[in-house]
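*Asks:* Chain by chain, the residues run as shown.
Number of protein chains: 2
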Amino acid sequence: MPHARNSAPLKKTEKGFRSIYAFDEGNKEMNDLLGGKGANLAEMSILKLPVPPGFTITTNVCRYYLEHKKYPKGFEADLQKHMKKLEKLIGKKFGDRENPLLVSVRSGAPVSMPGMMDTILNLGLNDATLKALLAKTGNERFCYDSYRRFVNMFGNVVLDIPHEDFEEELDAIKHHRGATVDTELTTEDLQLAVKKFKEVVRRKTGHEFPEDPEKQLLLAIHAVFNSWNNDRAITYRRIHNFSDKIGTAVNVQAMVFGNMGNTSGTGVAFTRNPSNGEKRFYGEFMINAQGEDVVAGIRTPQTLDEMKDVMPDVFADLVEVREILEKHYRDMQDIEFTIQEGKLYMLQTRSGKRTGRAAVKIAVDMVNEKLITKKEALVRIDASSLNQLLHSDIDPKAPKHVIAKGLPASPGAACGKVVFSADDAFDWVTNRKEKVILVRKETSPEDIHGMHVAEGILTSTGGATSHAAVVCRGMGKCCVAGCADIMVDAKNKRFIVGHTVVYEGDTITLNGTTGEVMLGSMPMVKAGMSEDFETVLSWADQFRKLTVRTNADTPYDAEVGRKFGAEGIGLCRTEHMFFEEARIKVVREMILSKDLEGRQRALRKLLPMQRKDFIGIFKAMNGLPVTIRLLDPPLHEFLPQKDSQLEELARDLMMDIEELKRFKDSLHEVNPMLGHRGCRLGITYPEIYEMQVQAILEAGIQASRAGIEVLPEIEVPLVGHVEELRAVRQMITTMINHYAEDITFKYKIGTMIELPRACLTADELAPEADFFSFGTNDLTQTTFGLSRDDSGKFMNEYISRNIWERDPAAGIDEHGVGKLMKICIELGRSVKPKLEIGICGEQGGDPASVQFCHKIGLDYVSCSPYRVPIARVAAAQAAIMDMKK
Amino acid sequence: MPHARNSAPLKKTEKGFRSIYAFDEGNKEMNDLLGGKGANLAEMSILKLPVPPGFTITTNVCRYYLEHKKYPKGFEADLQKHMKKLEKLIGKKFGDRENPLLVSVRSGAPVSMPGMMDTILNLGLNDATLKALLAKTGNERFCYDSYRRFVNMFGNVVLDIPHEDFEEELDAIKHHRGATVDTELTTEDLQLAVKKFKEVVRRKTGHEFPEDPEKQLLLAIHAVFNSWNNDRAITYRRIHNFSDKIGTAVNVQAMVFGNMGNTSGTGVAFTRNPSNGEKRFYGEFMINAQGEDVVAGIRTPQTLDEMKDVMPDVFADLVEVREILEKHYRDMQDIEFTIQEGKLYMLQTRSGKRTGRAAVKIAVDMVNEKLITKKEALVRIDASSLNQLLHSDIDPKAPKHVIAKGLPASPGAACGKVVFSADDAFDWVTNRKEKVILVRKETSPEDIHGMHVAEGILTSTGGATSHAAVVCRGMGKCCVAGCADIMVDAKNKRFIVGHTVVYEGDTITLNGTTGEVMLGSMPMVKAGMSEDFETVLSWADQFRKLTVRTNADTPYDAEVGRKFGAEGIGLCRTEHMFFEEARIKVVREMILSKDLEGRQRALRKLLPMQRKDFIGIFKAMNGLPVTIRLLDPPLHEFLPQKDSQLEELARDLMMDIEELKRFKDSLHEVNPMLGHRGCRLGITYPEIYEMQVQAILEAGIQASRAGIEVLPEIEVPLVGHVEELRAVRQMITTMINHYAEDITFKYKIGTMIELPRACLTADELAPEADFFSFGTNDLTQTTFGLSRDDSGKFMNEYISRNIWERDPAAGIDEHGVGKLMKICIELGRSVKPKLEIGICGEQGGDPASVQFCHKIGLDYVSCSPYRVPIARVAAAQAAIMDMKK
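So the protein sequences, as listed, match chains A and B. Everything in the first sequence is counted per my numbering, starting at 1329 for the first residue and increasing by one. Everything in the second sequence is counted per my numbering, starting at 1329 for the first residue and increasing by one.
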């Protein structure tokens, strides 16, 4: 589970820190210093697994370098020392003309950033060492293959030459040869590729490719450090809320080669299935390939099942490694390996990313296997990934028009309009408020921002471990990958499948669980709750301190929420009841009445409708509290927008159309968010709130008589001044006194806390309130001075320039809004120590926000029904982390 | 100077508090307990001035009564004891059928509330005591006059019968008699009036007029206490920020009679002229009159100069009293007196309300007379009344169309649209944003809310001490009173003067200094600064700690501000420069550019214009700091609103009108206040801020070369997140580096603090800011979640229901916004102890807000040029009050 981690900033005067650790000097606890890759390479070394030797340059060096634009004193000497040690260990010499040592240079940050940082393999090659390698291996094809890969990677990563420039040259050679995949190329072809690639370098940089291995190494380290601040890395950190100050480590490791022929290869694997959690070794490998070949999806890889047949010994070794690692790490591992001439080498292990479904199954299985405790199991689940388990799936009974089938790369279903670039995806979602499916030949880290906002991803190439698949599983987003049936024509914004052409803006549906691609929008059904999930939730309930309620405006929502474990309703927005077809007319009649009498006449018609709703909700929540918010939005929101609708309304109400328009104009507001709404309405039109309170009380009385246990909590919105609350409370109390004899149920009167001033004067409000409920949607908007309806115009720029880590609406902003919440709680409870305080609104289901709510001592969070299970798990995680302290 | 005073709440268990003090048991320091009137009656008794004996029921009793709806234990016995004492002292008995004691019952709160509370005279009269009085005085006319007054007052104040019901009966009798004033009525007429008045009581209440004097007394005390919470009192307290919890005292005093014939009378006087401060006895009296007759303006009173001739002995006594009081109180006094058969009695003294002009003159004179110290003089001035001295006056050279002339009741000039009721005044000002002149026959306390918002008041009856005159002087508002030339026809919303009819909505101009009423809007000239005012300001500068700057957008404003003593510019709004005719077109061209290049082209045209403005401002503020805020409002504010203007613009820019409209629509915002503005513009369109910074720097360089000392402070608006400030600061620094060699002046880069989040994260912002400047206009709007443009829809209701004491925009809301400011200062200075912090915006000139700014440790306040002197005085007052602690 990723958490924002902030290493303590490096003291400028600190000179004595250690720059480098050999693999056998570290261990997995040294993650902050060695990065995830380095720490785990060290740990695997301890476990005596077959790890090629090497060393790790610490994150200290990176932070120093990024801050001072130079290496710390003594670093280069240290580096030389470790290279010498490595040479001695391997028995080869770096840059040697007879027995040259080649190394890989790979980044590895303390936080997992797959695909974000850059890797260089085969470093140390130049024309001279190539000759030595040729002489030593006698494998010409391998040598030129390694060399062309090195020039390509180094040119791209260090010298900043677009990968496409090299790709073009290789494609030309392939074309000339009539080859479709790289393995069909001859030695001569590869030799030519090296020549062409070096020409590219010369053309693009104006310099020769650097031949000096020492220089190559320094430049590569340099490039890795700088890549910490490339746009892809920044985007990834922003999305995952990682601090920019963490920095990366660099691993320098002796090369082993998967491209030495048909007894060599490279692969990736998960110790359990990362998609469904099944306890089954799961992975892919590719013969005669190197490095990123599998992940990049350049050829279609083979499965581990196939390896059993092709390389039984290697497979047996791998299975043994799998067992050692799972037992040792007590978690599902994601590993990378290389086979050099029949011998297995481990290049990486880390906790594997998994879908929510897999997370739940693995958690339950591992607890059953007594590998981990319930607490560990809970803390390890990425609560937001549980979303997938709760998302709608395609109705299996619905007729479907499947146009293609790809790999089921990330489960769930998604439906949206087709777009063909990440930028378009971002634009359509952010500015046009459309739901989109991003369709690409393959995705790359540059596409992250578009993938983040898309409903689902469809790619035409790449396997189950391709970029698209891995990233989507991490995001809990539906993905169909490697769908070779379709031809993506991004330039003309269309894809072709058989006789069908799908254009930008057409709607398709993806089924990430089956790999099906369907035309049009498919009916969805609710996700079922698996037994494992129920188990995890029951554990969560054992540990969590926070109550979890749901936001529900209808009896149906209330039932769904309760089914998901909601322990009450934290927000019932009465205005949503006003929008129903039959009612909106009466509401409009009320608004357009010229006088109190007219309004009261219309309100009398609304009363039985509202009463009926409340009875339904009380029934659904029998025995649980129900917070009902009195009318909140400004009245003009209920009037129609279009002229034709206005005309119809005028006819209905037998009103002059011009008069109606004038009236509508008179209700217009410059800033409706800050206008005549919330309790301001209740104070100026008390008859509206009176009707609502009457409906609540009468519904309570009727439901009570029918044996329902009713616990209404009447909530006053948009209070900024104690006198507002006092005035509305007075009105409510008067109504209650009127019904006193018939009221047998308990009730509360409280207020929404959604304005900075409410937080700042909470000690004045508390004596008048039986409860507080944070409305962080509006509180965020007023604290930031930011209208959610208008922020789209600059949000893109703000996120991409890293001014905001994410849309402030997405989760509680702890520095600003969170501080106000703390002030509010402190002031409120200073005068009323047992004041019930909760939170409602979108952020109540955001795991990080739920954890913050636990930390600051809220009594409950309330969120949409489908987020209730997530909140339960997040609340448990917060409680468990609290115990650890 | 009125201050909000909050007596400590009465402890519910506190039973032993003292209910009543005789006048000779109290003194002027006992204001909180005895009220102003009671304390000063006691003090005058100590001074051996001729005060009719009596006693004061304390505010304790009032608060107890209001809270418990009954009198404290033992109160009635205490009352009887003091009545007995009074009877003994006077030698008369209350309710006696031979020698009856009559008393007045008058309220007197610890805070001055003129005309707000009610008075009953001649209490103790009934048919039996009347006979005794007749027998004793032999003055039938006096007896019936007293009786009809008593029935009227008691009926109105205690029994809640409208005054008009009695007035009608009296008018009928007058009509029958052919009398125009009350002195023309005969004994029989007055006898009839008593009869008719008692019939009114019977008709209206269903009961006989209460004959029992004991009951009369208790009911009267009761009524005074209840009147504390009448609407007029509440309104007055709201306007003056007095707590509702203070309560009033009640004075019961033996009657003396000004209506015993032509050697009797009643009057009011000021020991110095309250209008201009001249050291000259100033007042009016009325022969054969009682109580409120003078103030109510029922007849035209005589001046004190006339008294010298009519009643020389009384006048001599009065002059002696005046000298004793001024020496004793060391302040100008407002006194009330009654002459009973040639003998002077003092009924009240208090510090007199005065105009700003008078306050200044009296302060300077009294310091010169060595009566008070400079500090005392300063603290005593109501800083907001100084407004008058600075307000525009009518240009004496302008041709004027004088239609009428009344009494110059409160100085200054005012111009506005005529309205005829206080409600209309409130409505027009609050909702229609009009400036109005309230025209009334006479005003009454019910009109306070309308008077408060009107530009000026015109009345057709009443003198220089009438309600309208007194209240207007207190408010520093222009008033022409007793303008008998005009006939006010409020029913038809018009007034008639000769052949001219002025209707509601017509514009008139008042000159409160001359009493002239003019048709239309007159040209105004700036008020001059008197020598006395300069003296007061120079004292203020000796004591104040706060620097006072001015808000100025033009070199002219800057000069005016500097003339008034501004020590820099606290806010220069660059956008105001954009609205000038010649520039707005270029601004629009910039906004409508399709690309960066187009915007830059337009910005290049704007650059020299902005540069020129800044040079002018730097010249005007030579040697003083100038805070320049970068562009703040959303771009759509610069586009024309009307279709015709849009069409013209399209032609000018050779743009398709439909395209222009679409563009305009695309800029539309739901909540522009919370939208794409401030630094959000600077971050998305950096070229705009770059141009502005370039203009500032080039202007600084040019002005410096011309020998001007330039001190620019570049201000980034609407910062909510440190990264915003960091990004803009980075841009500014880059510009500065570009000009580094030519910049010889000091500069600062800072931020406006106008969002709650900026306050809450001030410790993050401070390292990036050389200064903070509170923009409390926007900070108030976001803290309250209140749009100033939309609040009119409910403001009326909120103020009248006492939910808000005043429009939150009018001054710093200490509980909410003020708390945020304190948090900001504390956090900001925790990381940068010497951080310069100021405030700009309207509230920087509100005296209470200035005092708050002093208290929380700001470095400066900045306000509009005409409020600079007020701020200087308010700042001095804050500093002096600080010393006292």
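Derived by calculation from the structure, the hints in this document are not laboratory data. Heads up, some of the hints might be wrong.
Note that identical chains are pooled: a pair holds if it fits in a single copy or bridges any two copies.
Result set (DSS-like, lysine-lysine): computed pairs, CA atoms no more than 25 Å apart in a straight line [claimed, not checked]:
#	residue 1	residue 2
1	K1992	K1970
2	K1992	K2121
3	K1891	K1761
4	K1933	K1543
5	K1922	K1819
6	K2074	K1671
7	K1728	K2150
8	K1376	K1769
*Asks:* A separate judgement is required for each hint: does it hold in the structure or not?
*Replies:* Now the hints, each set against the structure:
1. For the identical chains of this complex, K1992 and K1970 are neighbours both inside a copy (12 Å) and across copies (19 Å), given an alpha-carbon limit of 25 Å.
2. In this assembly of identical chains, K1992 and K2121 lie within 25 Å of each other by CA distance solely across copies; the values are 14 Å between and 27 Å within a copy.
3. In this assembly of identical chains, the alpha carbons of K1891 and K1761 never lie at most 25 Å apart, being 30 Å within a copy and 55 Å across copies at closest.
4. Neither within a single protomer nor between protomers do K1933 and K1543 lie at most 25 Å apart by alpha-carbon distance, with minima of 84 Å and 51 Å respectively.
5. With identical chains, the CA atoms of K1922 and K1819 are at most 25 Å apart between copies only, with a shortest distance of 24 Å across copies and 59 Å within one.
6. For the homomeric pair K2074 and K1671, neither the shortest alpha-carbon distance inside one copy (73 Å) nor that between copies (70 Å) is at most 25 Å.
7. Taking the closest pair of Cα atoms, K1728 and K2150 never come within 25 Å of each other, the shortest separation being 51 Å inside a single copy and 63 Å across copies.
8. Neither within a single protomer nor between protomers do K1376 and K1769 lie at most 25 Å apart by alpha-carbon distance, with minima of 41 Å and 104 Å respectively.
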